[in-house]
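J.: So the sequence lines, in the order shown, correspond to chains A and B.
Just so you know, the first sequence maps onto residues 15 to 387 in my numbering.
Just so you know, the second sequence maps onto residues 21 to 303 in my numbering.
Some hints here could point you the wrong way.
Claimed, not checked - Far from chain B by the CB rule (all over 10 Å, computed), these chain A residues:
| # | residue |
| --- | --- |
| 1 | 40 |
| 2 | 84 |
| 3 | 124 |
| 4 | 321 |
To be verified - Using 20 Å as the maximum straight-line C-alpha spacing, the simulated EDC-like pairs for lysine to aspartate or glutamate come out as follows:
| # | chain 1 | residue 1 | chain 2 | residue 2 |
| --- | --- | --- | --- | --- |
| 5 | B | 175 | A | 350 |
| 6 | B | 301 | A | 298 |
| 7 | B | 295 | A | 273 |
| 8 | B | 295 | A | 350 |
| 9 | A | 119 | A | 272 |
| 10 | A | 119 | B | 57 |
What the hints contain is simulated information worked out from the structure, not anything from laboratory work.
By construction, the Cβ of each residue, glycine as well, lies at the ideal position given by its N, Cα and C atoms.
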Amino acid sequence: MFPRPDPPGFLPLTQLPSLVAQLMALGYQCLGPAVENGAIVMRELDAPDGLPRGLQAEQAPGRYRLTQDPHQRYFAWANGPQAIKPQAFAPQESLWRVARDAAGKLQFAAVLPTVSAQAIIGVRACDLAALALQDAHFLHTDRRDPHYAQRREQLFLVAVQCAEPAATCFCASTGDGPTPTVGFDLALAELTDGFVATAGSAKGEAVLNSLNLAPATPRQIEAAQQQGRAAAAAQTRSLPDRNLRDTLMSQLEHPRWDEVAARCLACGNCTAVCPTCFCHAEMDTPSLDGYASEHGRIWDSCFGEAHGHLHGFNVRPDIRSRYRQWLTHKLATWHDQFGRSGCVGCGRCIAWCPVGIDLTEEVAALTASEARP
Amino acid sequence: MNEMPHGIDAGPPHAATVVARTQESPAIFSLRLRLDDAAAQAAYRFAPGQFNMLYLVGVGEVPISIMSDPEDRDGIGHTVRAQGRVTQGLAALQPGDTLGLRGPFGRGWPLHEMGGCDIVLVTGGLGCAPVVSVIHYILKRRERFGKLVIIQGVKHAEDLIWREQYDRWATLPDTQVLVAASEGAALWPWHVGRVTELFALANFNPECAVAMMCGPEGMMRVAADSLLARGVPESRLYLSMERNMQCAVGRCGHCQFGGAFVCRDGPVFNWGEVKTLLAHKGY
Numbered sequence: 015m016f017p018r019p020d021p022p023g024f025l026p027l028t029q030l031p032s033l034v035a036q037l038m039a040l041g042y043q044c045l046g047p048a049v050e051n052g053a054i055v056m057r058e059l060d061a062p063d064g065l066p067r068g069l070q071a072e073q074a075p076g077r078y079r080l081t082q083d084p085h086q087r088y089f090a091w092a093n094g095p096q097a098i099k100p101q102a103f104a105p106q107e108s109l110w111r112v113a114r115d116a117a118g119k120l121q122f123a124a125v126l127p128t129v130s131a132q133a134i135i136g137v138r139a140c141d142l143a144a145l146a147l148q149d150a151h152f153l154h155t156d157r158r159d160p161h162y163a164q165r166r167e168q169l170f171l172v173a174v175q176c177a178e179p180a181a182t183c184f185c186a187s188t189g190d191g192p193t194p195t196v197g198f199d200l201a202l203a204e205l206t207d208g209f210v211a212t213a214g215s216a217k218g219e220a221v222l223n224s225l226n227l228a229p230a231t232p233r234q235i236e237a238a239q240q241q242g243r244a245a246a247a248a249q250t251r252s253l254p255d256r257n258l259r260d261t262l263m264s265q266l267e268h269p270r271w272d273e274v275a276a277r278c279l280a281c282g283n284c285t286a287v288c289p290t291c292f293c294h295a296e297m298d299t300p301s302l303d304g305y306a307s308e309h310g311r312i313w314d315s316c317f318g319e320a321h322g323h324l325h326g327f328n329v330r331p332d333i334r335s336r337y338r339q340w341l342t343h344k345l346a347t348w349h350d351q352f353g354r355s356g357c358v359g360c361g362r363c364i365a366w367c368p369v370g371i372d373l374t375e376e377v378a379a380l381t382a383s384e385a386r387p
Numbered sequence: 021m022n023e024m025p026h027g028i029d030a031g032p033p034h035a036a037t038v039v040a041r042t043q044e045s046p047a048i049f050s051l052r053l054r055l056d057d058a059a060a061q062a063a064y065r066f067a068p069g070q071f072n073m074l075y076l077v078g079v080g081e082v083p084i085s086i087m088s089d090p091e092d093r094d095g096i097g098h099t100v101r102a103q104g105r106v107t108q109g110l111a112a113l114q115p116g117d118t119l120g121l122r123g124p125f126g127r128g129w130p131l132h133e134m135g136g137c138d139i140v141l142v143t144g145g146l147g148c149a150p151v152v153s154v155i156h157y158i159l160k161r162r163e164r165f166g167k168l169v170i171i172q173g174v175k176h177a178e179d180l181i182w183r184e185q186y187d188r189w190a191t192l193p194d195t196q197v198l199v200a201a202s203e204g205a206a207l208w209p210w211h212v213g214r215v216t217e218l219f220a221l222a223n224f225n226p227e228c229a230v231a232m233m234c235g236p237e238g239m240m241r242v243a244a245d246s247l248l249a250r251g252v253p254e255s256r257l258y259l260s261m262e263r264n265m266q267c268a269v270g271r272c273g274h275c276q277f278g279g280a281f282v283c284r285d286g287p288v289f290n291w292g293e294v295k296t297l298l299a300h301k302g303y
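Same shape as in the complex, but just chain A (with noise of 0.2 Å):
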């Protein structure tokens, strides 16, 4: 770990575009939020002024709608569809290509993508918690991810702290957020007048001091607290605070599966903007001529039809069993995969379900006890 970080500077608001100038000038693609289509996707900035100020994200179930801040504040919209899960797990790729040689024989070769360093402003606590996870599925197992592991290294995270939780944000309850308090490079909590701005690595150290900032004061570094702790506050939805494997295994014929199945439409919204899920399909694309091929992976659903085919059948033939592969599996053996929950809080799962399911809703009926049958 990061061993003595120094104490947080203080980053003038009219000065934030030095931090991104720095970090070009470093050789970073530095991407930020923007708006696409109605919502904050991340993207690259083109100049070091180039991010955008007074947004803010109205969620609730089924439901995004950007809308204006009245302060101005550069990170006040809560998180947009997408986390960074992108930037290390890329949605498609390439593994490897065969092709035929002259004599006929079989070549076949890896492929690994070429990747320039990444800085990401604006990373949220549960992006960060739900990059944790994907580490631990790709890199920390007995085989490492070699796609994962090169995007993965080229990254420098800003994080910032979210003072405007959506109605959607669950991450107090989940340990999660909303300050950002490991795996970041460096981390800014917005104040009126400028942020708090702390290391959490020592490439974060080393450009922190590159900006010659003056020390946070005690107040602004309370003001940061503080804001965060109000920010949990403000959090209108939960997750039980303990370890729900159990309960939910032991439910597994609860009449609310089929509850749910009736409203899912199996779309595959949520796991698509969930920032932990990890499922991929492999494909080959074949050339036109037939003599040469290229495998690769692209993200995959459990709601898909797809998923969980078996020569000649279906291990999970309707949306009943899939939703409960989804939500047991998220909630409960992912705690014997990677030892905690796959849930972060970041609540996407909710906004972005075309027909508004709130995971913690359905949590809340699979767990009460005067549903069990």
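Using the hints, position chain B against chain A.
T.: Using the frame of chain A, we list chain B on its own:
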């Protein structure tokens, strides 16, 4: 469980050539493969119950259990039912044709825990393939094991492959072969009915028996109930599971069964590890 061999990683595959092809039944065929890289072939090791990913160029990969003898260093045997996109393409391969292979993957049968015991093998349909390498393994080391009971069920009489082998095994000392077909045919010498009806005829010592099962999950549940009722301890009851497997290294997520990745933590499990979830349809 002991360490299982893991030769070739997540990819890319190794080039392999078909050295022999046998049509076992109208839909079932066997391929004998050899890795093109002689050193890789010589170094290739597997344990019965493990599987390889076979890659048909331009089409895709499919997990197939290894049915050859683990000490046969000269080739790798697979028996496949032509059922889906990849396996129907694999069925068209002839000696000399090439494909990709990576493996072996997963956890095989715990053969080291079985010394001195009676062995009961219960298989259904093509579930016999992953178990055939166990039979070969035991027959080559016959003195290490007690009685061998082979119970095999098929839907239709014509689905029984390796019929001569079953006939031959039935003549061996201390070896009992019980075969059932739900639908018989002319000159079918074995039982007509459910394979589970044969359990009562199986002759073994439950107190010192290890059972291995492979086949449809419904059949394995009934078989497990019957074996447990006969007094086989749960800790000596094993099964091989099937799930959608695409990466084979516990990464792509399709084969998850509870917290287990069947490709990595299985496909062979102890009954106690999976019995609870197996009771839930669609899990």
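J.: So, for every hint listed, does it hold in this structure?
T.: Each hint tested on the structure:
Consistency note on residue 40 of chain A: stated as away from chain B, and its beta-carbon is indeed over 10 Å from all of that chain's, at 32 Å minimum. Non-interface call for residue 84 of chain A relative to chain B: holds, since the shortest CB-CB distance, roughly 43 Å, exceeds 10 Å. Annotated as non-interface, residue 124 of chain A brings its C-beta within 10 Å of a C-beta of chain B; the closest such distance is 6 Å. Here residue 321 of chain A does not stay apart from chain B, with its beta-carbon only about 6 Å from theirs, under the 10 Å limit.
For the suggested pair residue 175 of chain B and residue 350 of chain A, the alpha carbons sit about 37 Å apart, so the restraint of at most 20 Å is broken. Using a Cα cut-off of 20 Å, the hinted pair residue 301 of chain B and residue 298 of chain A is violated, with the two alpha carbons roughly 32 Å apart. The hinted pair formed by residue 295 of chain B and residue 273 of chain A fails the criterion: a straight-line CA distance of about 26 Å is larger than 20 Å. For a cut-off of 20 Å, the pair hint linking residue 295 of chain B to residue 350 of chain A stands: about 17 Å separates their Cα positions.
Taking the CA atoms of residue 119 of chain A and residue 272 of chain A, the gap is about 53 Å. The hint is violated against a cut of 20 Å. A C-alpha spacing of about 11 Å is found between residue 119 of chain A and residue 57 of chain B, which places the hinted pair at or below 20 Å, so the restraint holds.
Violated hints, in rising order: 3, 4, 5, 6, 7, 9; the structure is consistent with all others.
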